[in-house]
Amino acid sequence: MSDPTELSGESASGGARRGRGGGGGGREARRALRTGGGIKQRRFIERKLSPFEILSEEGLAIIEQNADIILEEVGIEFRDDAEALQILKEAGCDVQGERVRFPRGFCRKIIRENAPATFTQHARNPERSVTIGGNATVFAPVYGPPFVRDLNGERRYATIEDFQNLVKLAYMSPALHHSGGTVCEPVDVPVNKRHLDMVYSHIRYSDKPFMGSVTAPERAEDSVALAKIVFGDDFVENNTVMINLINANSPMTFDGTMLGALKVYARHNQAVIVTPFILSGAMAPCTPAGVMAQTLAEAMAGIALAQLVRPGAPCVFGSFASSMSMQSGAPTFGTPEPAMVLYGCAALARRLGIPFRSGGSLCGSKLPDAQAAYESAATLQPTVLGGVNFVLHAAGWLEGGLVSSFEKLVMDADQLGMMQTFAEGPDLSENGQAMDAIREVGPGQHFLGCAHTQANFETAFYRSNVADNNSYEQWLAEGSLDAAQRTNNLVRKMLEEYEAPVLDPAVDEALNSFIAKAKESMPDAFA
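Counting in my numbering, the sequence shown tops out at residue 1574, every number present.
In case anyone wonders, no lab produced these hints; they're calculated from the structure. Heads up, a few of these hints could be off.
[As the list claims (entries may be wrong)] Quick list of in silico lysine-lysine cross-link-like pairs, PhoX-like style, CA-CA up to 25 Å:
#, residue 1, residue 2
1, Lys1087, Lys1215
2, Lys1275, Lys1566
3, Lys1275, Lys1540
4, Lys1087, Lys1566
5, Lys1215, Lys1240
6, Lys1540, Lys1087
7, Lys1413, Lys1087
8, Lys1087, Lys1136
9, Lys1566, Lys1540
10, Lys1240, Lys1540
11, Lys1564, Lys1413
12, Lys1136, Lys1215
13, Lys1413, Lys1215
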């Protein structure tokens, strides 16, 4: 195949490079920025702010010691995967049945010596490639809900058309740096075939980085095969073009499905995010320190296996921890305890020397309402302040992850833009210091008409495309719409104006041919 830098680098309306503000102009360029083609995307965040720390050196050492005790004395179960057990046994671990106990310091040593501290995930449009790790933060949309809340306000099972529309909205949202993965679960497509349509949708309707399938090892292999059609065999084997979510089945268990997908991606040099999925009090202790220790132990066990499969395979330490209602058993979001876990695990990942995934715009609300906004903000702020590198569920999450919402994806994306501006810190250039303006205006005057304000007024402050800052009279004249109603109109307009990024017709034909053959090779299965 062609070198990936030659593939799909231009949008339908005149070029991704031009759309990012790198030259070009005139009426057509301005039109391109207003529509789906040539979207002026924002580069992934390169944080200027130091991460917020809540644990001392002594506190972090205690958590690490407790994680080592879990790994050495309690152990981790690796279920339904004889190969994984054999790999760990040959590496010197104590394997009794499916329970694996690790020598003290084994996991930390193998991770520090092999796993990269940062890596690049390449997009089919090179300008959309992202760095994962270090001071970088990458925002990706919601992942996994079986339901959507559509533009008519109906909560229903998701379809492949919903999936495609969510991919389009993520593509058109400048502060979403990533297309994500299972942005919803399209239940109108057979279970054993839908991964083909989902991966294809990310490739066809966006040119941002994307995630592969993890619901079976053979579906992970299909994801790699589709990526190779786009990027070429050698490029995929030597570079990272997909990042993939591997959940531990907490407490202290990995199942065969996740282990199979982990091994496939690691062997092909594709990134895995090893994430214990924890509802505190049910799947881990109900204290932040207990959750941190168990999370670190589970994550290190999975990442160590990936490094034994292929030393140097890119890995991300993931944490998903929510509190829960002790009255109903339902997960709760925006509470302080998960924020403590996020801050602590982010610091533990930095000490381990690998990227960290957590956070997002999480909420338990059923609608994109005030509860959704408050809880999402209370999750998003620690995400940014804590220095999270890869942020899944950054936009579109409702109802504890059961629902993907079109309106909330766009509302959240607006907040992500604000967070990006905040995380990049104050401008300390000569223009940012604005001393010429202060000298020009002097005491007792105003800055509205000075040269500096006139030169900077268009970009001085973040402009929300969701908030209404007009007068009361104008708000009345425009229909007295609340934020959700305004966003509903905005989503409809975005989808109407969407233009797909260019995809080489030969690549598209090869993708569709592979998918057709794969689907023909197996009967439909809906379970």
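> Can you list which hints this structure breaks, lowest number first?
Replying inline: Checked against the structure, the hints that fail are numbers 3, 4, 7, 8, 9, 10, 11 and 12, while the rest are satisfied.
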